[in-house]
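Asks: Residue strings, one per chain:
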Amino acid sequence: MSAVLPEHPEFLWRNPDPRRSYEVVIVGGGGHGLATAYYLARNHGITNVAVLERGWLAGGNMARNTTIIRSNYLWDESAAIYEHALKQWEALPEELDYDFLFSQRGVLNLAHTPQDVREGVRRVNANQLNGVDAEWLNPDQVKEFCPIVDISPGVRYPVLGATLQPRAGIAKHDHVAWAFARTADEHGIDLIQDCEVTGFLRDGDKILGVQTTRGPIMADRIGLAAAGHTSVLAGLAGLRLPLQSHPLQALVSELLEPVHPCVVMSNHVHVYVSQAHKGELVMGAGVDPYNSYAQRGSVHVIERQMAAALELFPIFARAHVIRTWGGIVDVTPDASPIIGATPLANLFVNCGWGTGGFKATPASGWVYAHTLATGRAHPLNEPFALERFTTGALIDEHGAAAVAH
Amino acid sequence: MTAHRLPNGGRVDRAAPVRFTYDGKRYTGLRGDTLASALIANGVLEVAPSSYRGRPRGIVTAGVDEPNALVLVDGSLLPATTLELHDGLSATGRSGVGRLTDSTDSVRHDKRYVHCDVLVVGGGPAGLAAAQAAGRTGARTILADERTELGGTLLATKGFDLSWPGLAEFPETRVLSRTTAVGYYDQNYVVLAQRNTLWHVRAKRVVLATGAHERPLVFADNDRPGVMLASAVREYVNRYAVAPGQNVVLATTNDSAYQVALDLIAAGITVSAIVDSRPEPPAALVNQVGVEVITGSAVTGTEGRHRVSAVHIGPDRSIPCDLLAVSGGWNPAVHMFSQAQGRVRYEERIAAFVPDTCPQDLEVVGAANATYELAACLAEGAAAGARAAHLAGFGGGTAPELPPVPAESDSAHRPVWMVEGDETLQFIDLQRDSTVADIRRATGAGLRSVEHVKRYTTVGTGLDQGRTGGVPAIGVIAELLGASSPGEVGTTTYRPPYTPVSFALLAGRDRGELHDPIRRTAMHSWHVAHGAVFEDVGQWKRPHHYPRAGEDAQAAVLRECTAARTGLAMMDASTLGKIEVQGPDAGEFLNRMYTNAFAKLAIGSCRYGMLCRADGMVFDDGVVLRLAEDRYLTTTTTGNAAAVLDWFEEWQQTEWPELRVRFTSVTEQWATIAVVGPGSRAALTPLLPDLDLSAAAFGFMTFRDTVLCNGVPARVARVSFSGELAFEINVATWHGLSTWELVANTGATPYGTETMHVLRAEKGFVIVGQDTDGTVTPQDLGMDWIVSKRKDFVGRRSFSRPDTARPDRRQLVGLLPVDPDDLLPEGAQLVAGGVPLTPPVPMLGHVTSSYRSAALGRTFALALVAGGRDLIGRELLAPLGNRVITATVTEPIFYDPEGTRRDG
Amino acid sequence: MLLIPCPWCGDRDETEFHYGGQAHVAYPQSPDALSDAQWAEYLFVRDNPKGEFAERWCHNAGCRRWFNLVRDTATHQIVVQR
Ligand SMILES: Cc1cc2nc3c(=O)[nH]c(=O)nc-3n(C[C@H](O)[C@H](O)[C@H](O)COP(=O)(O)OP(=O)(O)OC[C@H]3O[C@@H](n4cnc5c(N)ncnc54)[C@H](O)[C@@H]3O)c2cc1C
Ligand SMILES: [Zn+2]
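Chains as they are written, first to last, in our numbering: chain A, 1 to 405; chain B, 1 to 904; chain C, 1 to 82.
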């Protein structure tokens, strides 16, 4: 018989109607919006909060991502926030009393060229000094950690080594969102679905509230957490942000007996794969190049990704793709998020997580709640302010270590 | 014949027995069987138990939707209901979970790319009519159908002449059977899976005739073996001539089951009763079947152990049977339509989601469009086929004559979403073992969206992706939430692929050597013959070093370096990108692109140049030769050749179209040999009889066009990436190997990329992409001298931004480990002395390049260090886990800083 | 797989093209005259509408020419060719 998922709670959330005003309104009920709501209550005692979601809760990228969690980012600013998230992940199943299948099975980033090796070693060293667990593995150690990886020198791009973060892994995305949502709801926070924000109520450069498909809602502070749709929302307020929305595709196979014990990512051949709890292989590709909100991409991207997967894992040849899908990711010029104030008073943004924001969900909520509660950045999100594009102080995660998932 | 094989009829070849094994037992079927029909012929209806609850399960369908009868064949998990029987087939029943094995797959998978005017998906009556109507106009028509034979439901319809469309007569019409349309993408791009071939079809018009899927009914113990879709029962009887049961009860919500009853009766099978949800089913049908019709009723449960033995209709009535055929209504197969961005709407009369509008150039016909009567299907298909061809430029748009068919009825349906009974046994998704109770739990938890319920219960996430259970689940949700209709709840999104597609098929031949093109230089065979160890640089294979017998990489590189610094060495530099830049404005163009100036470069001279992105970060570098007043040859790094060409073209075309300049990649036209070392002049003198190689006559950073001693024209440049006297010989690619051999015969030591890297690092020359990472400016590299103050160029404005102007940016410096034998790992992080090594440790930078130097007799490195130029002379630490290397910061130049060696 | 109309070669598959993002963003006449914020706007900020978007493509694997078109980012339909 197959692996059974843990039972969900008997009760998740109320379905309240929106009130006329709140202390804080969060636009977007994805993982980041829900986590923000939770931490507003937990860390700041603010519960007069609404999360407005135009569709169903966590139905955007939160429902579509490949659930990789890791914190082995290169730059100090990134490592700090992602490692904060990873420590939160380690405590959250208990704190939220929800088994969301957080599995610290280790993430390998494969190196296929001498330049990949240099970058991998550089990252491992930086991680260790930043207190992030990281190891460099040679090909034999890669094979030992993940026996199905083809390390033979004959393949087109042989495996020359890998970085390993043992504490990294995966979690079940929907369950994570529901865990935050349930607890936020318990705190009395209103999670309002089918409620699309269609405009802003303002007084000059001051934002007073939002216009929605369920009527106007006033708020002292408003935080956007709309991922791929942030530009559209910001546009309603007359703001232009350094974001481009692209499709990012992923897929799953049928259920399979366990073959793949960890998470493997390869930047060079563009593939990342894990085997989820039930047994399906979950895999993602690189972004489709064009701007899009259509939540789907082009088939050659999937084909290319399958070819790459078989280069690394010949054993996957007879697995089947049973579903492909796309999400819309909000990509910044430096592949790092933007979290903080905007030129408009009372309006804040948390966006630009692009292809890799799932892993950051708890920390994103933590620092955004701080920002919304106090009106000021938390030290962890200070470097991720919008101003960095003017000063040039980018946190260039693709320039340096190109894997952002 | 077995008892279960009917004595006559069917589309199986009774003269062709086929032997197979299932779960280790041997059986015989007939050619034309699927594994499922052959099992039924052998009296096997029960298959592997359910995945999660271990309940007995049987074959339910006759097609792609099968939730239970999954088998493992050669490591592939497949539905027995679509698996064509063949001799020697060996299948193992599986409870929905595959098992990958490491056997090498010898099957070759291919892709085909075709264009057509009209693509018809589905070869049932509507699709056949469409294909005929389109094909006869001469339009390039493709008809794809997933089954082994065309006909769709007609295959299970007795007495219909399937040769009627005569498609074979149309030369421009191609019929693809065993071919499933799996993906519908933008601008009518449809992907078809045909066994080991994946077709990519770009169609001007598409006609979707994908049929409809029968829905099961939901009641307690509806998962017991012997509960089967009515249409499947009909297909087994009529198409395969097998009897899944001898005593059948039919349960239905619509007219279609009556035809099934008639066919069963005709085949000599007993039909005990028809349970119809409608209080008043059409009298004509009731009279025609002549069996008891229990109206306004529904099945509420079944009995039996491993097989249905009776059905319950409410608490009071029980009817014995060995097969329960169910028809819970029909779902038009809108998957392809939805993938094409079509919207569906809920149609009350037939209780189904039907196609509404779609932005793509397609039409939906037949059962896929909820048109269920045969005559209407044919007419709709023919009209759509003719229209599609016409819109694609063929024919007048009128539909052809159609064969006469008997009238059928399709009166209103009455869906039954929920009945009394134990909800924990009312299965919605057989593969996921999820029930009405699970859905009730989900809605009780506060879930309103079908997507949430799907995720809470896992309904619809199995191999069939909700094709059977999806709509019943929506019906149950609607009832539990008190919605006015399932239409208010809506569907989940249909995503490609329509049916599972193997990884291998998607990958095609894009594997191994063909995964990415391998680029080899003209001299590659020589490198192989001389034992080179290669590295991948972009798509190129470049010799990394040439070990001699008994030598490891380190020894080989030290030897190669020594040869270059003290004698004579040679390297294949052909992979460097080369772009000819031509036109009267070529100089002006290069001035705008490069940080330094090229417009005034003398003809016959070379100059090193650097390119930045608009953000001021180093993008590429290389030497530029001025060939003529209006002609330059720029070189790029190996990995960036294509990117630089793109970059030039983009700026010229989109920003400065007024500049008269054009670009041509000539990378592959030239083979390039760097001849390096103090011995190079003497060695080359006999090879270059027409050239005076003396420093006075042939100055550094100039080039000459000449002819080699063997008559081969060559361009020789005095450039040096090692600091040594060096000549770079460029010849046409086809002379590359012979010229290389000519030079090799002088006794030059071949060296690879690693030696090249060591030699340049000793001189402090950077490698873009190794010593830079997209966050480094020319100033960071200490190369202010290459940044013109007198002209604008791409990226210049960025240097004065607050962050790029910071004095404490990471800057390129040299490092000398205090222990001259310690080799700093490339990628080592650097910290100031005295800081505690407990995380987080503030890092100053990292080692970008690090080598053992033969010339220096020690190790050395290059690094990017914050405020590094101010730290020269100071010591930094490289903590490496269990040890720490101490190194002194130096100028990033280690060898011959005065540049005395380049002239020999 | 988008079908992209190259003005010179006709309709071709997306795989032959290189995407160039928003169209009509000119390199500033005199970069030095811009404030850091204005320069940053040029470097990093592009429109990102849901709906019609004037964008640039280059027919890399064909004529290698850049051109503009208007595509709907919500439906992927190509609206006009300019
Ligand atoms: C295919 C794919 C794979 C990925 N893989 C990984 C991975 O392995 N690891 C990782 O760390 N990250 C991954 N990501 C990225 C990650 O999913 C996102 O960065 C993250 O989920 C974004 O935050 P979110 O959950 O809040 O976004 P979302 O879930 O997208 O939430 C935004 C919400 O805002 C709502 N919204 C938008 N506009 C409005 C409006 N006007 N009014 C009201 N509501 C609105 C949306 O409906 C949506 O629910 C992946 C993404 C994709 C698409
Ligand atoms: Zn073209």
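The hints are simulated quantities; they were obtained by calculation from the structure and are not laboratory data. Incorrect hints may appear among the rest.
Simulated restraints on C-beta separations [stated by the list, open to error]:
| hint | chain 1 | residue 1 | chain 2 | residue 2 | range |
| --- | --- | --- | --- | --- | --- |
| 1 | B | H530 | C | H18 | 54 to 62 Å |
| 2 | C | D32 | B | H115 | 46 to 54 Å |
| 3 | C | G51 | B | H115 | 24 to 32 Å |
| 4 | B | P17 | A | P147 | 50 to 58 Å |
| 5 | B | A602 | A | G154 | 43 to 51 Å |
| 6 | B | G444 | A | G154 | 39 to 47 Å |
| 7 | B | V533 | A | E95 | 29 to 37 Å |
Here a beta-carbon is modelled for each residue, glycine too, at the ideal position from N, C-alpha and C.
Asks: Would you mind marking each hint as holding or not holding in the structure?
Replies: Here is what the structure says about each hint:
no., hint, in the structure
1, H530/B <-> H18/C: 54 to 62 Å, "39 Å, violated"
2, D32/C <-> H115/B: 46 to 54 Å, "52 Å, holds"
3, G51/C <-> H115/B: 24 to 32 Å, "30 Å, holds"
4, P17/B <-> P147/A: 50 to 58 Å, "43 Å, violated"
5, A602/B <-> G154/A: 43 to 51 Å, "50 Å, holds"
6, G444/B <-> G154/A: 39 to 47 Å, "57 Å, violated"
7, V533/B <-> E95/A: 29 to 37 Å, "53 Å, violated"
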